[in-house]
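Keeping their order, the protein sequence lines are chains D and C. Quick note: the first sequence uses the numbering used here, first residue 584, plus one each step. Quick note: the second sequence uses the numbering used here, first residue 2, plus one each step.
Don't take every hint at face value.
What the hints assert, rightly or not - If you want a taste of the chain C side facing chain D, the calculated C-beta under 8 Å gives, among others: (1) T4; (2) C31; (3) D41; (4) G56; (5) D88.
As the list claims (entries may be wrong) - Using C-beta positions, here's what the derived DEER-type ranges look like: (6) C:E80 - D:S661: 17 to 27 Å; (7) D:K743 - C:L55: 14 to 24 Å; (8) C:G53 - D:L694: 52 to 62 Å.
Unchecked claim - Taking lysine-lysine pairs in the BS3-like style, the calculated list, with each CA pair at most 30 Å apart, reads: (9) D:K743 - C:K84; (10) D:K740 - D:K640; (11) D:K740 - C:K27.
Everything labelled a hint here was simulated from the structure, so no lab data went into it. Owing to the predicted nature of the structure, the values given are computational and were not obtained by experimental measurement. Cβ coordinates follow ideal geometry from the N, Cα and C atoms, glycine included.
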Amino acid sequence: MAGYEGMIAEITTVKGYNGDEIAAYYARPLGPGPFPGVVLIHHAPGWDEWYREATRKFAHHGYLAISPNLYEREGTGSPDDVAAAVRAAGGVADDQAVGDIDGSMRFLRSLPQTNGKVGVFGTCSGGRQAYLAGCAGGFDAVVNCWGGRIVMSDDEKSEKMPVAPIDYTEKLSAPILGLFGNDDTNPTQAHVNTLEEALKHHGKEYEFHRYDGAGHGFFYYDRTNYRIEQALDGWEKLFHFFAQHLAA
Amino acid sequence: MCTWIVQSAELNGSGKSADGWIPITKANVCYDHPAHAFMDHSVNIDFVNENGALGDRVAVEISAESARQLVDAILAALEEGSKEHGDLLAAGSG
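Full structure from sequences and hints, please.
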């Protein structure tokens with residue numbers, strides 16, 4: 584039937600950091616493919632409904648999409664309760680997050696429908712973790728949406744987050760798209776400038792879009808920071824970027 | 002939630018969660034993006050039972066101005082209470 588569309592979306596498990604099995608929300612178009620893949624890294628509010636929707640959005644656009652629960656080890660419950668516990672504990676460790684993201688990438692690469700290309704997308708703390716994952720290697724494209732603390736002062740570092748992601752920039756192994764709101768307080772415009780300088784310095788392929796009239800999290804349609812015009816343009820830029828770099 | 006600004010206080014008391022009354026052992030206070038309150042940033046206070054389940058939590062998300070008023074109100078109530086019942090702060094009980 585011409586024009587038929589379908590997808591499947593479900594919880595699965597992937598082998599994450601330290602071989603731990605963690606839950607992941609997985610959505611894919613029906614059909615044999617081949618399809619590119621995207622790992623979605625949830626934001627600090629947790630593995631929530633917005634990330635379920637974003638995962639299905641990528642499947643709708645023809646991607647094998649998976650969103651691992653980076654807060655799995657903190658326990659199960661409503662996303663806001665889990666996120667509150669993680670927040671009180673100072674976040675999750677960078678090494679653990681990178682291991683979980685790597686496991687999710689390997690899951691996508693193991694699928695019979697893969698076209699062999701996998702990107703990573705993250706917002707907020709997930710943008711920062713997407714940057715870390717891009718520097719750890721194995722991805723073909725990276726999308727960092729308003730990731731804070733990529734540029735870190737020494738007093739922001741902790742046992743869980745001991746290295747500023749910008750310090751890994753030399754190892755970034757894929758083109759990167761960055762979307763930022765100019766009114767954001769973390770990352771500030773100065774942080775974004777510093778990041779851009781580092782990418783230039785190391786000769787990395789990057790594409791940054793900075794939006795006036797937007798702050799942090801301007802994609803979140805259920806929050807006050809939603810900015811429809813900037814969000815629609817951002818989604819368009821993002822899908823164009825992935826289409827460019829994740830085609831077989 | 003990118004500020005990761007968190008302060009905490011050890012507490013002794015009770016709070017009423019979605020499942021009823023629970024012991025409260027700690028308050029985690031942060032200034033960050035709220036989950037529900039309709040504002041970009043808020044003071045988020047989680048009254049939790051550290052010995053309980055993850056959902057053993059009484060959560061509030063209030064504006065910075067509200068938070069200052071709350072602090073003033075708590076201090077004012079303690080002050081009045083001290084006048085009637087002795088120095089509550091010095092007694093360290095309550």
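For each hint, the structure was consulted:
Checking T4 of chain C against chain D by beta carbon gives a least distance of about 6 Å; that is within 8 Å, so the hint holds. Residue-level restraint check for C31 of chain C holds (minimum Cβ-Cβ distance to chain D is 6 Å; threshold 8 Å). For the restraint placing D41 of chain C at the interface with chain D, the shortest Cβ-Cβ distance is roughly 6 Å, inside the 8 Å limit, so the hint holds. Of the supplied interface hints, the one on G56 of chain C holds, with its beta-carbon coming within about 5 Å of a beta-carbon of chain D, less than 8 Å.
The criterion of a C-beta within 8 Å of any C-beta in chain D is not met by D88 of chain C, whose closest approach is roughly 32 Å, and the hint is violated. Take E80 of chain C and S661 of chain D: their Cβ atoms lie about 38 Å apart, and the range 17 to 27 Å is violated. Distance hint for K743 of chain D and L55 of chain C: a CB-CB separation of about 19 Å, consistent with the stated range 14 to 24 Å. Range check, G53 of chain C to L694 of chain D: about 40 Å between beta-carbon atoms, so the 52 to 62 Å window is missed.
A hinted pair counts as satisfied when its Cα atoms are at most 30 Å apart, and K743 of chain D with K84 of chain C does not qualify at roughly 46 Å. With a C-alpha separation of about 34 Å, the suggested pairing of K740 of chain D with K640 of chain D is violated against the 30 Å cut-off. As the CA atoms of K740 of chain D and K27 of chain C are separated by approximately 24 Å, the hinted pair is consistent with the 30 Å bound.
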